[in-house]
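Hints given; two lone chains; assemble the complex.
Order-wise, the sequence lines are chains S and F.
Numbering-wise, our numbering puts 46 at position 46 of the first sequence, and it's gapless, one number per residue.
Just so we're on the same page, our numbering is the position in the second sequence counted from 1, plus 1000.
If you are wondering where the hints come from, they were derived from the structure by calculation, not from laboratory data.
C-beta atoms are modelled at their ideal positions from N, C-alpha and C, and glycine is treated no differently.
Possibly wrong hints are sitting among the right ones.
Claimed, not checked - Calculated cross-link-like contacts (lysine-lysine; reagent style DSSO-like; alpha-carbon spacing at most 30 Å):
| no. | chain 1 | residue 1 | chain 2 | residue 2 |
| --- | --- | --- | --- | --- |
| 1 | F | K1108 | F | K1070 |
| 2 | S | K80 | F | K1098 |
| 3 | F | K1098 | F | K1042 |
| 4 | F | K1098 | S | K79 |
| 5 | S | K80 | F | K1042 |
| 6 | S | K79 | F | K1042 |
Said to hold, decoys possible - Here are some of the chain F residues that sit facing chain S, going by a computed Cβ distance under 8 Å:
| no. | residue |
| --- | --- |
| 7 | Y1032 |
| 8 | R1041 |
| 9 | K1042 |
| 10 | G1043 |
| 11 | L1046 |
| 12 | Y1051 |
| 13 | S1053 |
| 14 | M1092 |
| 15 | G1095 |
| 16 | K1098 |
| 17 | Y1099 |
| 18 | F1101 |
| 19 | G1102 |
| 20 | T1103 |
To be verified - Pairwise CB distance ranges (calculated):
| no. | chain 1 | residue 1 | chain 2 | residue 2 | range |
| --- | --- | --- | --- | --- | --- |
| 21 | F | S1069 | S | L114 | 40 to 50 Å |
| 22 | F | A1093 | S | G27 | 25 to 35 Å |
| 23 | F | I1018 | S | L114 | 23 to 33 Å |
| 24 | S | L11 | F | I1018 | 34 to 44 Å |
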Amino acid sequence: SQTIHQWPATLVQPVGSPLSLECTVEGTSNPNLYWYRQAAGRGLQLLFYSVGIGQISSEVPQNLSASRPQDRQFILSSKKLLLSDSGFYLCAWSSQNRGGQPQHFGDGTRLSIL
Amino acid sequence: QKEVEQDPGPLSVPEGAIVSLNCTYSNSAFQYFMWYRQYSRKGPELLMYTYSSGNKEDGRFTAQVDKSSKYISLFIRDSQPSDSATYLCAMMASGTYKYIFGTGTRLKVLA
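The shape of chain F in the complex, shown without the other chains (with noise of 0.2 Å):
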């Protein structure tokens, strides 16, 4: 079983639409949470960072993080086509220098 499990996808949504994206991990000592997105031929941009669980928003995007389920959650509201990248999760444990990433999301709005 991989550390962190993220849906390669892709997913297709309507333009408008609110996006829902996933991972799922399986050490519990993981206490640092990141969200990056990433356009073709690229490096992945920093979208949203947050500590232990709870939420986090940033204009149209929302972070959430429930530590009990292992899971957390990056919501888009009001997708544009320009949010079509793919969007990698990324965790660490206190105390390590190692970030876990997922395999990302590819993600496509259309028009």
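If we strip away everything but chain S, and leave its shape as in the complex, we get (with noise of 0.2 Å):
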């Protein structure tokens, strides 16, 4: 069966230090990979996806970037963090092998920006 790993699970970073949260998935090959962050009352909030090793789509023009060095393997990064990049920050993957399958989360990373 598949799964999908994120940590840290909790983080506090002071403002202005680089950021790095890493996501990877068990059990399938090529899967569509996603970003997003949620808000109390704001939803989810596409950040990025990749349908491919080193092919990334951003969907918020933001202080954040993400890259895919390996098939299963996606990685959320900042340089320099602001107080806005607080929040609950979630992974996330779906098959490619047919169009419209469901997404996978998982446990997701509440990062605090002091």
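The structure is reproduced here in structure tokens:
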């Protein structure tokens, strides 16, 4: 069966520090991968998605970037964190084998910027 | 107007009640519909997945899609305190990579 791992679960960082959040998927190959940010009462905001290694689409201009160095690895990064980057970050995957497949989520990283 | 509208709640019901959760949408191109359950400080968990119109049942959960009204529902029978969570609807058009989510309805089932 497929599993998705996200870490760390919680992170507290000072303003201006760098960020690296990692997500890996097991049990499937060539998945679509996604990064979301979830704010209370505002639903899920799509940040980045990737349909293959090195292929990244950005949805919202911001202080963050994403990379996919391996087929089942997705990384969210920042060179200098802002206070506004605080939030709950979720990684998700879906199958490319057939269209319209549902997404499956990791357990998220709660990021607090001080 | 948002593409997907969902009442944020909270919705409080007694244990054993039938719960009805709903979403409306404006994009007639949506063909794939999902319901997720999200517990506090956890990622969303897929509950139901349906294609096009109709009903789908899985245990205590029933998902309904009415494309003519652009309206989807999730029914929970014999609700339990463990069903207390936020429920998110999501939908997707054919040929795209993007999922559009509702903001979620917070459900409380009281023992």
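For each hint, the structure was consulted:
no.: 1; hint: F/K1108 x F/K1070; verdict: holds (26 Å)
no.: 2; hint: S/K80 x F/K1098; verdict: holds (28 Å)
no.: 3; hint: F/K1098 x F/K1042; verdict: holds (22 Å)
no.: 4; hint: F/K1098 x S/K79; verdict: holds (27 Å)
no.: 5; hint: S/K80 x F/K1042; verdict: holds (26 Å)
no.: 6; hint: S/K79 x F/K1042; verdict: holds (26 Å)
no.: 7; hint: Y1032; verdict: holds (4 Å)
no.: 8; hint: R1041; verdict: holds (7 Å)
no.: 9; hint: K1042; verdict: holds (5 Å)
no.: 10; hint: G1043; verdict: holds (4 Å)
no.: 11; hint: L1046; verdict: holds (5 Å)
no.: 12; hint: Y1051; verdict: holds (7 Å)
no.: 13; hint: S1053; verdict: violated (14 Å)
no.: 14; hint: M1092; verdict: holds (6 Å)
no.: 15; hint: G1095; verdict: holds (7 Å)
no.: 16; hint: K1098; verdict: holds (6 Å)
no.: 17; hint: Y1099; verdict: holds (6 Å)
no.: 18; hint: F1101; verdict: holds (4 Å)
no.: 19; hint: G1102; verdict: holds (6 Å)
no.: 20; hint: T1103; verdict: holds (4 Å)
no.: 21; hint: F/S1069 x S/L114: 40 to 50 Å; verdict: holds (47 Å)
no.: 22; hint: F/A1093 x S/G27: 25 to 35 Å; verdict: holds (27 Å)
no.: 23; hint: F/I1018 x S/L114: 23 to 33 Å; verdict: violated (45 Å)
no.: 24; hint: S/L11 x F/I1018: 34 to 44 Å; verdict: holds (40 Å)
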